[in-house]
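Here the protein sequences come in this chain order: L and V. Numbering of the first sequence is given in this note's numbering, commencing with residue 2 and proceeding in unit increments. Numbering of the second sequence is given in this note's numbering, commencing with residue 2 and proceeding in unit increments.
A couple of the hints might just be wrong.
[Said to hold, decoys possible] Covered by chain V, according to a simulated footprint, are these stretches of chain L (three or more residues, beta-carbon under 8 Å):
| # | region |
| --- | --- |
| 1 | 37 to 43 |
| 2 | 48 to 59 |
| 3 | 64 to 73 |
| 4 | 84 to 96 |
No wet-lab data here; the hints were simulated from the structure. Positions of the beta carbon are idealized from the N, C-alpha and C atoms, including for glycine.
As a plain string of letters, each chain reads:
There are 2 protein chains.
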Amino acid sequence: MENFEKRLEDYAKLIVEVGVNVQKGQPVEIRIAADQYVFAEKLTKAAYEAGASSVRVDFNHQPLSLLHNQYKTVEKLAEVSAEDKARLEYSVENLPAMIAITSADPDGLKGMDMAKQQKASAIRYPIIKPYIDKMESKYQWVIAGAASPAWAQKVFPDLPAEEALAALWDAIFKTSRMEAGTDPVKNWDKHNASFKAHMDWLNEQHFDYLHYKSPKGTDFKAWLHPKVKWLGGGEKLHGGPERLGHEVFYNPNMPTEEIFTTPMKGKAEGTVYSTKPLSYMGQLIENFSITFKDGKAVEWQAESGSEVLDKMITMDENAAYIGELALVPDSSPISQSGILFYNTLYDENASCHIALGAGFPDLYEDYDKYSREELEKLGINDSMIHVDFMIGSNELDIDGYTKDGKCVPIFRKGEWAFEV
Amino acid sequence: MENFEKRLEDYAKLIVEVGVNVQKGQPVEIRIAADQYVFAEKLTKAAYEAGASSVRVDFNHQPLSLLHNQYKTVEKLAEVSAEDKARLEYSVENLPAMIAITSADPDGLKGMDMAKQQKASAIRYPIIKPYIDKMESKYQWVIAGAASPAWAQKVFPDLPAEEALAALWDAIFKTSRMEAGTDPVKNWDKHNASFKAHMDWLNEQHFDYLHYKSPKGTDFKAWLHPKVKWLGGGEKLHGGPERLGHEVFYNPNMPTEEIFTTPMKGKAEGTVYSTKPLSYMGQLIENFSITFKDGKAVEWQAESGSEVLDKMITMDENAAYIGELALVPDSSPISQSGILFYNTLYDENASCHIALGAGFPDLYEDYDKYSREELEKLGINDSMIHVDFMIGSNELDIDGYTKDGKCVPIFRKGEWAFEV
Chain L
2 MENFEKRLED YAKLIVEVGV NVQKGQPVEI RIAADQYVFA EKLTKAAYEA
52 GASSVRVDFN HQPLSLLHNQ YKTVEKLAEV SAEDKARLEY SVENLPAMIA
102 ITSADPDGLK GMDMAKQQKA SAIRYPIIKP YIDKMESKYQ WVIAGAASPA
152 WAQKVFPDLP AEEALAALWD AIFKTSRMEA GTDPVKNWDK HNASFKAHMD
202 WLNEQHFDYL HYKSPKGTDF KAWLHPKVKW LGGGEKLHGG PERLGHEVFY
252 NPNMPTEEIF TTPMKGKAEG TVYSTKPLSY MGQLIENFSI TFKDGKAVEW
302 QAESGSEVLD KMITMDENAA YIGELALVPD SSPISQSGIL FYNTLYDENA
352 SCHIALGAGF PDLYEDYDKY SREELEKLGI NDSMIHVDFM IGSNELDIDG
402 YTKDGKCVPI FRKGEWAFEV
Chain V
2 MENFEKRLED YAKLIVEVGV NVQKGQPVEI RIAADQYVFA EKLTKAAYEA
52 GASSVRVDFN HQPLSLLHNQ YKTVEKLAEV SAEDKARLEY SVENLPAMIA
102 ITSADPDGLK GMDMAKQQKA SAIRYPIIKP YIDKMESKYQ WVIAGAASPA
152 WAQKVFPDLP AEEALAALWD AIFKTSRMEA GTDPVKNWDK HNASFKAHMD
202 WLNEQHFDYL HYKSPKGTDF KAWLHPKVKW LGGGEKLHGG PERLGHEVFY
252 NPNMPTEEIF TTPMKGKAEG TVYSTKPLSY MGQLIENFSI TFKDGKAVEW
302 QAESGSEVLD KMITMDENAA YIGELALVPD SSPISQSGIL FYNTLYDENA
352 SCHIALGAGF PDLYEDYDKY SREELEKLGI NDSMIHVDFM IGSNELDIDG
402 YTKDGKCVPI FRKGEWAFEV
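So here's chain L without its partners, still in its complex pose:
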């Protein structure tokens, strides 16, 4: 127990210092489930010790979201109050470091009226969007996991409750590169060095398009954007130098194993098959495929959860377009753990994946010279959703094609096919 407490404190420190990299005098916000109050305290302490000027903890509780969905009118669900706006204005002005802890029951939102939620989101989103755009890429954020009893039971259905919880915490610590007897900070430094080498190679190739093939049926081509780079691992805060007087390196996902880019909007053809279940809005979509034409999802089917998949792909006009292509070796620690987490943060890192919805504007060369609308026209998709789903396996091959028709192997049987 004492050992667990120590690991929890180390993990909180890792999230605060290596994840979000809290700067002296910076406000910090933590979004976390109410039943994680013990971990919330560790994170708050770590943030203050790193020099945070204030730490705000927003507790949430998944069953309350279900009740709000059930009883509130769409108008009430959609409401952006004067208070909400004042908070958004504060965030735009003060750019707090944001820590989001994911721990929810993957099946916890079953029974939610999705159509109602979707209507509310469609009303809320345009009101909130200008604030989000103003903050884009200007603040550090991190998403990390925390084990909860319901999530643990989903991941380890055959273990007794306490053992399942301990096993999930253990998996979280290990996949966050906190193996016993090693220095987590050094592990992350090494990890980021490897990211940089692969990323630089990909950026130097200037591929025109990628071709994905697997025996399961995936046969898919996606065109890259000549002005959009590949990125992976930690990031430098773009707004950093002006605001803080120095560069801030942070790791927005813990764990992370992916190198990703935003492809050219409107240029993708063929069919991809999911290789892992997708948990979306608390519901599971399993064994699905999506066919793209002119970059847009035009046909899809799912063995289960097809209604949620419909909602997702039709969430708005651009939800059917691709926002991300990501490369993850099948040998990543998460894949090797053999654990299906039922949580995108972890499962996406076991596998190559695609995201439907918004792309990443800050991957675009000189992105800050353009408005979000201009970048959309330049080929960076924009949508209220961004949902990753996994298509990687130890059978996936990927080739890169250059403008002059040269074919270069990128992945063979799920692993990098080049040396760096």
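Position chain V against the provided structure of chain L, taking the given hints into account.
Leaving out everything else, chain V in the frame of chain L:
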């Protein structure tokens, strides 16, 4: 366990329907500790079922308050943000029903820098005050308890953790008049009828002053205000008819056993001895006495916690004046339970008590014709604190004296000395 869940649901329903009496279409706010997320869900469901238009749950966590106190500057602690103001404005306009659940560890704020907290409060208070004044008596509110492990262990130090928790929940249910096999709603109706009879009698006597005596040393006179009435049990919402179109009866404290008034500011003489420990800002003050002259505390001493008592009485200029006199028979269920709860909501109801600090403006005849400042000049004390402390016991006698010198026994040996 199933039985406990049912009792918890009944209790939530009692708080929502009899306590705060949520009206159809009314917004509801719930303040509750993060570790009470299960109870928060029951309360939220009950509020929606009673017709709430929206339910907002603000989770708090006591250890975070300690960290904020330790690490934030006074300025940060005192800050009333644009967001806070927008929320206060919303409350003034929409008058949500407020449910506050108390469950904190009575010793949980030990080590807090009180001076720092006090400085911050002194800056915050005048900014928030105008909003509070505007809402005064216009919305329903309730404070009720919920058992937490730390609180339970404090109350039942000799029981194992789980038994202590169960025992405290049981005591909470029983003192809230939820005895098994009875109808809690009918119990509260009967209770309120008894309150009304004693209250009417007290109001009809028009006493000039009360004289408290006990063998322990209490010898104390407090003058009543001719325009201020006695009140007890549930209340009718004063702003009700205009706002809701009908009268709303609600019970601001669950449990409640007291009939109380606000005495005339500046007219009290003599010494009172505490008969139970006072838990203030998470710290305990034990075996203390306070001597009044011209209505003001001029001397005080405590066997323990005297530093906190100093802070409390000197919190602001009027913290040394009396805001409340309350009568509670020693035979109240809480006293009879023999349990010391280390929580004012419960312990005050085992005993006659006095409050230092703010009085109750709405007990004043035609109070809504006056500003708070005018009522202060008319003898209703105003302060940023309102702290009850207990002076009752089975040895306490109280006499009422009328203007023409007639002496009428009110309490003998801690019980009502008149028939209604």
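Structure-based check of each hint:
no., hint, verdict
1, 37 to 43, "holds (count 3)"
2, 48 to 59, "holds (count 6)"
3, 64 to 73, "holds (count 7)"
4, 84 to 96, "holds (count 6)"
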